[in-house]
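Going down the list, the sequences are from chains A and B.
The opening residue of the first sequence carries number 83 in this note's numbering; numbering runs sequentially from there.
The opening residue of the second sequence carries number 10 in this note's numbering; numbering runs sequentially from there.
Please keep in mind that the hints were generated in silico from the structure rather than gathered at the bench.
Just so you know, even glycine gets a beta-carbon here, dropped at the ideal spot from N, CA and C.
It is possible that some hints are incorrect.
[To be verified] Restraint-style ranges between C-beta atoms, simulated for each label pair:
(1) 214(B) / 226(A): 20 to 28 Å
(2) 115(A) / 140(B): 43 to 51 Å
(3) 208(A) / 154(B): 49 to 57 Å
(4) 127(B) / 445(A): 55 to 63 Å
(5) 172(B) / 208(A): 22 to 30 Å
(6) 57(B) / 200(A): 24 to 32 Å
(7) 24(B) / 236(A): 50 to 58 Å
(8) 170(A) / 76(B): 33 to 41 Å
(9) 47(B) / 114(A): 49 to 57 Å
(10) 194(B) / 196(A): 25 to 33 Å
(11) 154(B) / 229(A): 56 to 64 Å
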Amino acid sequence: MVSIAAFVWFDMAASIDCASQASILARFQIKRGEFALDAELNVPARGVCALFGPSGCGKTTLLRAIAGLEIDHDGMLQVGEMNWQQGSHFIAPHQRPIGYVFQEASLFAHLNVLGNLEYGLKRIRPADRKVSLEQAIHLLGIQDLLQRKPHSLSGGERQRVAIARALAVSPRLLLMDEPLAALDQRRKLEVMPYLKALHKELDIPLIYVSHALEEVAQLADHLILMEAGRVVASGEIQQLFTRLDLPLAHELDASAIINASVAGFDAEFQLMQLEFSGGTITLAAQPLQLGEQVRVRLMARDVSLTLQHQSATSILNIFPVTVAEILPAGSAQVTLKLDAAGVPILSRITRKSAHDLQLVPGKKMFAQVKSVALLS
Amino acid sequence: MLNEADLLALGITLKLAFITTLILLIIGTPLAWWLSRSQWRYKFLLEAIIALPLVLPPTVLGFYLLLLLGQNGPLGGLLQALGGSPLAFSFSGLVIGSVVYSLPFVVQPLQDACSAIGYRSMEVAATLRASPLDRFFTVAVPLARPGFLTGAVLGFAHTVGEFGVVLMIGGNIPGETQVVSIAIYDHVESLEYSNAHWLSGLLLLMSLLMLLAVYGFNRRFRLVRHGG
């Protein structure tokens, strides 16, 4: 009786809360021989949430537990207003409104592409069909593959069909387990734009498992860092990428992510300006609209510091920053966290330079950015 | 040419093989599925028992079946106490014997086919809203089709070719339990070589055609489990 009452209360609390900000709450403890997952999750149920960590850290197990494919009898899972698991209450995987993309496309070999796409679609109520078959086909660009058998498709095409198949069930939550990991670099580049398009055009929260920082930087809004079966940190990607107490900032390709908007074009030199609160970024022009939201990545090793604003320099991107934190990176270098009007940026310079410039937290400097990568 | 008794024997043989194959597919499918999925540590015991007819002399199997099904046997006695007819020396007895005798020939190809499907396809079907029974029939069965075909043909052919078990539990009652293999034996005993030729040739042709069908259909499918 008590537990039922608690249940109702929980549901009500969740539905009141979800009106303003829906979230995914989970707690799982799963033991598999040597490996133990012990994870708690609280992430927004919107946008892309990346589960990031080294191989074997438990991200796939966590994703499978969210789908109900891996069972922890004492686990808890709440997605927005939906209670999927708590106590003895457990919704079977096939009754959860999810779309799941596995690492290998895993298309049904006995059905053609259209048959694969329709398999899930046929099994949901017409009232629940929010994503049409045409939309899923169009979004993944697989119009010409419909009559083909899975074995005649390339790896990239197969994975696109698998993603479209997962979309066709109009999921309320998309789960993807390293959908690009089994593809070579060319196929990755082939599929990536479609993943980004999903993000833009469909309002379906996505939990994306990856061990590739590059993919995470391109897609994720929210990041969950995992290590040895535990969640090490969880938060907005801009914040986590630049936290010096986390391993990401110490990677060779440590970087900062900046969200900016297109502010202008320079026709003569074929450049464009992006604006963010910390200043203006100039880079090679791309076919984008004025005001369009884009994401750029600044590698820590491409950001140097200077005390005065340099004028006679080939570097275009210079903005005022305040040193926020300094941490040694190896014996000869340091990693700095800089604050560009509220936007965190990383810089990696030699320990000698940091010493000569007498860099300490609070010191005002200018960051010179050698190159900027446009991510969207 | 074939005489009337030969045609009767042929009819009984085909009827026996059809019924046996049907029963084996019905009980073999869930059994094979379970064997391919179960993590039970003593599963190997069951697998060994199912495989027994592969190595046991048919006469041994027939002897124990006779004891089991006969008037004084536990099963035959029980049936008679319930008002049924004895199973030994009856067509029903032959069906039971054939089911036991041909079980591994159906279960093993099915088990191999089920194992080959793996867990992934079934998980994919689950995330596409298919219930366990739904995904069994719409994913597992179509993917295991080569296994079904091989199992059915092997079960059928093996039943057609059975001799020792039939002789032990069915006897040699024309029109009731006399099958082709026994009719051939009778013909040879009576030096009726022409009749023996006709029946033997027919059986040879039938077996060859069935195997050709399986191999032609499942080009890539291995017929014998540990054959290579």
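Consistency of the hints with the structure:
Against the hinted window of 20 to 28 Å, the Cβ-Cβ separation of residue 214(B) and residue 226(A) comes to about 48 Å, which falls outside the hint. Distance hint check for residue 115(A) and residue 140(B): the Cβ-Cβ separation is about 30 Å, which falls outside the suggested range of 43 to 51 Å. Our hint of 49 to 57 Å for residue 208(A) and residue 154(B) is violated, since their Cβ atoms are close to 31 Å apart. A beta carbon spacing of about 59 Å between residue 127(B) and residue 445(A) agrees with the range 55 to 63 Å that was offered as a hint.
Evaluation of the 22 to 30 Å hint for residue 172(B) and residue 208(A) yields a failure: the beta carbon distance comes to about 59 Å. Between residue 57(B) and residue 200(A), the C-beta spacing of about 43 Å breaks the proposed range 24 to 32 Å. Between residue 24(B) and residue 236(A) the beta carbon distance is about 51 Å. The supplied range of 50 to 58 Å therefore holds. Against the hinted window of 33 to 41 Å, the Cβ-Cβ separation of residue 170(A) and residue 76(B) comes to about 50 Å, which falls outside the hint.
Hint check: residue 47(B) to residue 114(A), Cβ distance near 19 Å, so the stated range 49 to 57 Å is violated. In this structure, residue 194(B) and residue 196(A) break the distance hint of 25 to 33 Å, their C-beta atoms being roughly 56 Å apart. Between residue 154(B) and residue 229(A) the beta carbons are some 21 Å apart, a value that contradicts the proposed interval 56 to 64 Å.
Violation of the numbered hints given earlier is confined to hints 1, 2, 3, 5, 6, 8, 9, 10 and 11; the remaining hints are satisfied by the structure.
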